[in-house]
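K.L.:
So you can see what is in the structure, the chains are spelled out below.
2 protein chains.
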Amino acid sequence: MPEENTEVKEVKKRMPEENTEVKEVKKLMPRKEENSVFVGRRPTMNYVMATMMILNKGVDCTVKARGRAISHAVDVCEILRNRFLKGTEYKGITLSTEQLEGESGQTNNVSSIEIVLSPPK
Amino acid sequence: MPEENTEVKEVKKRMPEENTEVKEVKKLMPRKEENSVFVGRRPTMNYVMATMMILNKGVDCTVKARGRAISHAVDVCEILRNRFLKGTEYKGITLSTEQLEGESGQTNNVSSIEIVLSPPK
Chain G
1 MPEENTEVKE VKKRMPEENT EVKEVKKLMP RKEENSVFVG RRPTMNYVMA
51 TMMILNKGVD CTVKARGRAI SHAVDVCEIL RNRFLKGTEY KGITLSTEQL
101 EGESGQTNNV SSIEIVLSPP K
Chain X
1 MPEENTEVKE VKKRMPEENT EVKEVKKLMP RKEENSVFVG RRPTMNYVMA
51 TMMILNKGVD CTVKARGRAI SHAVDVCEIL RNRFLKGTEY KGITLSTEQL
101 EGESGQTNNV SSIEIVLSPP K
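In order, the protein sequences belong to chains G and X.
The working numbering applies: residue 1 is where the first sequence begins, and numbers increase by one.
The working numbering applies: residue 1 is where the second sequence begins, and numbers increase by one.
Since the hints were derived computationally from the structure, they do not count as laboratory data.
Just so we're clear, the structure is a prediction, and the values are computed from it rather than from any experiment.
A couple of the hints might just be wrong.
Said to hold, decoys possible - No farther apart than 35 Å at their CA atoms in a straight line, the calculated lysine-lysine pairs in the DSBU-like style are these:
1. Lys91/G to Lys121/X
2. Lys121/G to Lys86/X
3. Lys86/X to Lys57/X
4. Lys57/G to Lys91/X
5. Lys57/X to Lys91/G
6. Lys91/X to Lys91/G
7. Lys86/X to Lys91/G
8. Lys121/X to Lys57/X
9. Lys121/X to Lys86/X
10. Lys57/G to Lys91/G
11. Lys57/X to Lys91/X
12. Lys121/G to Lys57/G
Chain G on its own, in the form it takes in the complex (with noise of 0.2 Å):
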């Protein structure tokens, strides 16, 4: 009983650092999509850390990108389950294709990359 108490204070302690990695973590994600993470031009690392603070939720994350940041996606969930966070799974990984509008009205087909993480059990 006592060592539960000392926990339940240190994970208050945590409570506003936490609130304000969660605010950098929606910066990340122009969609406002709950658990998922866009990723863009922004180094690696800004999203293997978004990624692994939703995984360590407990909750799947996805992981999205569009056209030449695919690789980048796939890049950062590789690093993720390689260094940081061994026993992460790949739940689901679907391909599509979604319709741009470009600069002068035409649409423009760009591919994207949806991959849905599994934190590790």
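Given chain G, put chain X in place with the hints provided.
P.N.:
Leaving out everything else, chain X in the frame of chain G:
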């Protein structure tokens, strides 16, 4: 019946051309693995055609790529599925990390993708 006969003749006429095309496809596969296409820096349509020819035999085709070519490989599969062989399905997608030897003897980790496509039924 007469229509079927003309179709058979057309197929026979096409045979010699197909043989030369198969040779081209083999050039695109540095690793001597059957029914797989290794995507690199050539024009996207080359790989789309190579993949389509394998799928037209009625067998599964594995599209492979490393590093930045991963997004290129996804493009190949999506263009094929949306424009050329509608009904082609993703049978499996594997992400992994390969160790390549660098110029000065050090090892570099490179992400890789293997996409198994199954022909339309």
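K.L.:
Hint by hint, say whether it matches the structure.
P.N.:
Right, here's what the structure says about each hint:
| no. | hint | result |
| --- | --- | --- |
| 1 | Lys91/G to Lys121/X | 26 Å, holds |
| 2 | Lys121/G to Lys86/X | 39 Å, violated |
| 3 | Lys86/X to Lys57/X | 15 Å, holds |
| 4 | Lys57/G to Lys91/X | 31 Å, holds |
| 5 | Lys57/X to Lys91/G | 31 Å, holds |
| 6 | Lys91/X to Lys91/G | 14 Å, holds |
| 7 | Lys86/X to Lys91/G | 26 Å, holds |
| 8 | Lys121/X to Lys57/X | 12 Å, holds |
| 9 | Lys121/X to Lys86/X | 10 Å, holds |
| 10 | Lys57/G to Lys91/G | 17 Å, holds |
| 11 | Lys57/X to Lys91/X | 17 Å, holds |
| 12 | Lys121/G to Lys57/G | 12 Å, holds |
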